[in-house]
Amino acid sequence: MAAEKTTIFSPETAARFDKLVTIYPVKRSALVPMLLYAQDDIGYISDAVVAEIAERIGITELDVRNVLSYYSMLRTKPVGKYHVQVCTNISCMLRDGYATLDQCKKKLGIGHKETTADGLFSLEEVECLGVCCWAPVVQVNYDFYDQLTPEKLDKVLDDYREGRGKETK
Amino acid sequence: MADVSFTVDGKKLTAPAGTLLIDACRAHGIEIPAFCYYPGLSLQAACRMCVVRQEKVPKLQTACTTPVAEGLVFTTESPEIAQARKATIELLLGNHPLDCPVCDAGGECELQDMTFRYGAHESKYVEIKQHREEQQWSPVVFFDRPRCILCYRCVRMCGEGMDVWALGIQNRGAGAVIAPNKQDHLECEECGQCIDVCPVGALTSGTYRYKTRPWEMNHVSTVCAHCGDGCKTTLGLKRADDGMEIVRGDNRDKSGINGDFLCIKGRYAFDYSNREDRLTKPLVRQANGELAPVSWEEALEFAGKKLREIRDAKGGRAIGVIGSNRTTNEEAYLLQKFARSVLGTNNIDHHRTADYATFAAALKGNADREASLRDFAAAPAILLLGGDPTEEHPGLAWQLRSDVRLNQARLYVVNHELIKLRRQAKAFLEISQDGYADLVSFLSGNGGALSSNEKAASFREDLLKEESVLIVFGPEYRGKDIEALVKFGMGFPKAKFAILGDYANSRGAADMGLFPDLLPGYVPVTAAGTFAEEYGEALPAAPGLDLVEMFDAAGAGDLAALYVVGSNPVSRYGVDASALKNVFLVVQDMFLTETAKLADVVFPAANLYEKAGTVTNTFGDIQLVKKAADRAGVRSDFELIVRLADRMGADVKKLVPFGRGGVRADFGQTRGAQSGEADRHQVWLTAHHIELKASPFDPFAIFDEVQRLVPAYDIPRMDLLTGNDQHIKTELVQIENTGSRRDLVLPSKDTLFTSGTLGKYSAMLHSVMESHTRKTAETAAD
Ligand code: SF4
Ligand code: SF4
Ligand code: SF4
Ligand code: FES
Ligand code: FES
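Order-wise, the sequence lines are chains D and A.
Mapping the first sequence onto our numbering, position 92 (from 1) lands on 92, and the numbers just tick up by one.
Mapping the second sequence onto our numbering, position 526 (from 1) lands on 526, and the numbers just tick up by one.
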């Protein structure tokens, strides 16, 4: 399987996958990490991603989809360049997480699981991000913004819009 | 494992240590409700219906995952348990549509039963139920998501049981849903096993859905009419305008040799029987060259007279008879007896799909050396040579997979193709298509027979370590190769053999002597012995023409008449129509087949689901066939042969020894006010479990004779009549040697979705084939 002729992944990801399938007692244990890395690489889990991962592990595409659909952080549609994830779980909710969400909706002009026309932003309401102590919290791609106030949130979003945001994937 | 004692509801029980509590209880008549547990599949413990109280354990335990051990004490019913089960049901019903009045499963639904028992009829939930539309996943499989209780039986059945892995589970929590492998449709073997095990009406079948209710049907258990495995099936029948129509087939009572298995053909491909374009009137070719419907009287008289004339003028030599792979043993026997004692010819043959004669000769004198289909369920080791059971013998393939999965059987597979069963094999050896004889030679110790190959050497080494092996081989083996294979197999301390032939009663056709050179029980016509006395002077002493020779003779003008029963040689052997131009052709069939189209007289025949008798599967298991369906206008081949003999002036009582003891029934009347006399008679006999043999149309009158003249068929009658399969006694076969017989074996090469002529007339099989652009061959996970 390592002798993959063509791959849809970047050389680094492909090399990583070649290794991943060899390090677990059963190959399919590599599935979840592979899905996460694939999402980082391609942006979302496309049909082609499903097919290649299934092939690499030697399981059916159905097996891949069974797992893929279980996890809400794995997505099957592309998102914006900056994926804004707003927590409305209990701690954040108590600290007005819904207002945070509403503010994002208004400012970006999009709703839950939608993407702006320019493809810059997408928005998603998520469950607890594990930063309850500094609620309310928003995660943009892999970066966290906590103890948000309306002003702070405005600035975060403006910074991203103006290209001053953190550029981690 | 050693037995342990434990207490359930105050009763002391014993069971082998490690038995699951749920099984132990069931074995002792204590029912524990279960949705997700299904015997033979992996444990899921997903439904919590089977909860019981175990002493000294703080929480309720699931009986489906609790192994019994010495001294344990359980309670299986108590207010606490009832409350827990009721709560489970209430949750299950949270999104359930409760459309029992229209649901296929209504009346035989496990959820309905449990709701009735634990009474979760009012709900605390006020939320709106989630609804999803019903989806069609294939011509066979429909999915009604809201009815699904997520027991995962279907997923496990398809994966573990079928090794198809076409069903999965997606999303999670309340959103969890069963999903097909191709996102919105299925690409699978279409066996319907998932539908069968679904405890509710979430999976329904294209053939049965919304047609009827379980309690509105008659249920008759009989034998599948398709392949050579002879699965037992229970047909559901409903009254139709012109008879009794089959609406479903299943095997829920699991009493047969096939356990709970049926393939697509057994489960759904009975639709040919209900077809509109079935022949229901006799046809006779008119002066204008067209076939036209005539009365029974006219057709029988015409055919009988003509055959008699030909016999009297030209002798039996000028008449040929071709029998069927799908008629009962009694019909096959009767046909050859008719040919030999009335027509006076040995020109009789059938489409041979395996070399049963050589196999019988090779096993002669060795008691208990032929494997029953049952034996495959528990054999420690199996050697499969050639064939592709997944396609050609789905019942056997199921047994093999189950044996490997449940008993860790060691399966050795040799094939020239990468057949699917290699996935269950301990060792798989690929050889060339013409390498099967060399393989036996190699296994027997001739190292040079296969080009040097480490894999082959280690295959042989492993195989030869086995003590007890079932050797099952496909049609690749014939004649001398079978002899060599049996010789090799006899080298194992314990070995049994099985030969794979196609169609429901190919084996019976061979056993009953549908051969030009062999009488019933493989007695050579040249040494007819008792048959000479039984059949009288008409029986020729020399072998007759085989099937191919008959058509050659027809072409050369040496055959004046041909009687074809339930066979379509014109299509199967590509016979040129002109060869039959001057032959008086009589055909009995369900449809106007390619052969029937050329006939001078065509009789509308009943199929295997419409008659009683016995059939023998390719493994030599003899089973009772019961009359289930009915179609106005058709007659069993048995009746037709008797009537034809009568019209030819033969002594019917000699042909069918009926009415001993002075009991007589009439010949039945032609259809009219008294129609169905013979059928009713048979139904009545069957219903009362008696064998009156009062009518010449009673197959058991002939079965008596078969048992008398063919020692291998001398099986306990009572067991047979109560629906148990009985194994033939190969050691009592009377064959001498098969020396220089011509090899006329022509395997049918049927796949999972074809079934010879029957398949051609099954709309269901056609729609499945059309929906399958590509066949699945994916491998399972690790
Ligand atoms: S019909 Fe058979 S093969 Fe198809 S999904 Fe159901 S169990 Fe699997
Ligand atoms: S479809 Fe039927 S068998 Fe499958 S999980 Fe749902 S209820 Fe169980
Ligand atoms: S395996 Fe053969 S006998 Fe069994 S159901 Fe299928 S076709 Fe019928
Ligand atoms: S509730 Fe928002 S981070 Fe935990
Ligand atoms: S049967 Fe035991 S949990 Fe489902």
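Hints are computed from structural coordinates only; laboratory data are not their basis.
Some clues are possibly wrong.
Unchecked claim - To spell it out: a stretch of chain D is covered by chain A in this simulated footprint if at least three of its residues, at any positions, have a beta carbon under 8 Å from a beta carbon of chain A; those stretches are:
no., stretch
1, 108-116
2, 142-154
Said to hold, decoys possible - Within a straight-line C-alpha distance of at most 25 Å, the following computed DMTMM-like cross-link-like pairs (lysine to aspartate or glutamate) qualify:
no., chain 1, residue 1, chain 2, residue 2
3, A, Lys124, A, Glu160
4, D, Lys77, A, Glu133
5, D, Lys77, D, Glu151
6, A, Lys597, A, Asp184
7, D, Lys106, D, Glu127
8, A, Lys420, D, Asp118
9, A, Lys211, A, Asp241
10, D, Lys106, D, Glu55
11, A, Lys254, A, Asp163
12, A, Lys129, D, Glu127
13, A, Lys426, D, Glu55
14, A, Lys420, D, Glu125
15, A, Lys129, D, Glu125
16, A, Lys182, A, Asp704
17, A, Lys182, D, Glu61
18, A, Lys182, D, Asp118
19, D, Lys81, D, Glu55
20, D, Lys27, A, Asp163
21, D, Lys27, A, Asp99
22, A, Lys182, D, Asp47
23, A, Lys420, A, Glu430
24, A, Lys254, A, Glu731
25, A, Lys729, A, Asp704
26, D, Lys113, A, Asp184
27, D, Lys77, A, Glu160
28, A, Lys86, A, Asp99
Beta carbons are placed, not taken as given, at the ideal position from N, Cα and C, and that holds for glycine.
Hint-by-hint comparison with the structure:
Counting residues of the stretch 108-116 of chain D whose CB falls under 8 Å from any CB of chain A gives 0; the rule of at least 3 is not met. Against chain A, the stretch 142-154 of chain D contributes 0 residues with a C-beta closer than 8 Å to a partner C-beta. That does not satisfy the three-residue criterion, and the hint is violated. For a cut-off of 25 Å, the pair hint linking Lys124 (chain A) to Glu160 (chain A) is broken: about 38 Å separates their Cα positions. Proximity of Lys77 (chain D) to Glu133 (chain A) is assessed by CA-CA distance (about 24 Å); at most 25 Å being required, the pair is judged to hold.
With a C-alpha separation of about 31 Å, the suggested pair Lys77 (chain D) and Glu151 (chain D) falls outside the 25 Å cut-off, and the hint is violated. Between Lys597 (chain A) and Asp184 (chain A), the direct Cα distance comes to roughly 43 Å. Violation of the 25 Å bound is thereby established for this hinted pair. Distance restraint check for Lys106 (chain D) and Glu127 (chain D): the Cα-Cα separation of roughly 20 Å lies within the 25 Å cut-off, and the hinted pair is therefore satisfied. Note on Lys420 (chain A) and Asp118 (chain D): the hinted pairing is violated, with a Cα-Cα distance of about 51 Å set against a maximum of 25 Å.
Pair hint Lys211 (chain A) plus Asp241 (chain A) holds up; C-alpha atoms about 15 Å apart against a cutoff of 25 Å. The suggested pairing of Lys106 (chain D) with Glu55 (chain D) is violated, with an alpha-carbon distance near 43 Å, which exceeds 25 Å. Simply put, Lys254 (chain A) and Asp163 (chain A) have alpha-carbon atoms about 20 Å apart, close enough for the 25 Å limit, and the pair holds. About 24 Å separates the Cα atoms of Lys129 (chain A) and Glu127 (chain D), which keeps this hinted pair within 25 Å; it holds.
Our distance criterion of 25 Å between C-alpha atoms is met by Lys426 (chain A) and Glu55 (chain D), whose separation comes to about 24 Å. Of the supplied pair hints, the one linking Lys420 (chain A) and Glu125 (chain D) is violated, its CA atoms being roughly 46 Å apart against a limit of 25 Å. Pair hint Lys129 (chain A) plus Glu125 (chain D) holds up; C-alpha atoms about 24 Å apart against a cutoff of 25 Å. At roughly 54 Å between alpha-carbon atoms, Lys182 (chain A) and Asp704 (chain A) are farther apart than 25 Å, so this suggested pair is violated.
A C-alpha spacing of about 8 Å is found between Lys182 (chain A) and Glu61 (chain D), which places the hinted pair at or below 25 Å, so the restraint holds. Restraint check for Lys182 (chain A) and Asp118 (chain D): the C-alpha separation of about 33 Å exceeds 25 Å, so the hint is violated. Restraint check for Lys81 (chain D) and Glu55 (chain D): not satisfied, since their Cα atoms lie roughly 29 Å apart, outside the 25 Å limit. Simply put, Lys27 (chain D) and Asp163 (chain A) have alpha-carbon atoms about 19 Å apart, close enough for the 25 Å limit, and the pair holds.
Restraint check for Lys27 (chain D) and Asp99 (chain A): the C-alpha separation of about 43 Å exceeds 25 Å, so the hint is violated. For the given pair, Lys182 (chain A) sits about 12 Å from Asp47 (chain D) by alpha-carbon distance, which is consistent with the 25 Å threshold. Proposed proximity of Lys420 (chain A) and Glu430 (chain A) is supported: the alpha carbons are some 13 Å apart, at most 25 Å. As the CA atoms of Lys254 (chain A) and Glu731 (chain A) are separated by approximately 30 Å, the hinted pair breaks the 25 Å bound.
The suggested pairing of Lys729 (chain A) with Asp704 (chain A) holds, with an alpha-carbon distance near 16 Å, which does not exceed 25 Å. Note on Lys113 (chain D) and Asp184 (chain A): the hinted pairing holds, with a Cα-Cα distance of about 23 Å set against a maximum of 25 Å. With a C-alpha separation of about 32 Å, the suggested pair Lys77 (chain D) and Glu160 (chain A) falls outside the 25 Å cut-off, and the hint is violated. Only pairs whose Cα atoms come within 25 Å are accepted, and Lys86 (chain A) paired with Asp99 (chain A) is accepted, the gap being roughly 19 Å.
When each numbered hint is compared with the structure, violations occur for hints 1, 2, 3, 5, 6, 8, 10, 14, 16, 18, 19, 21, 24 and 27.
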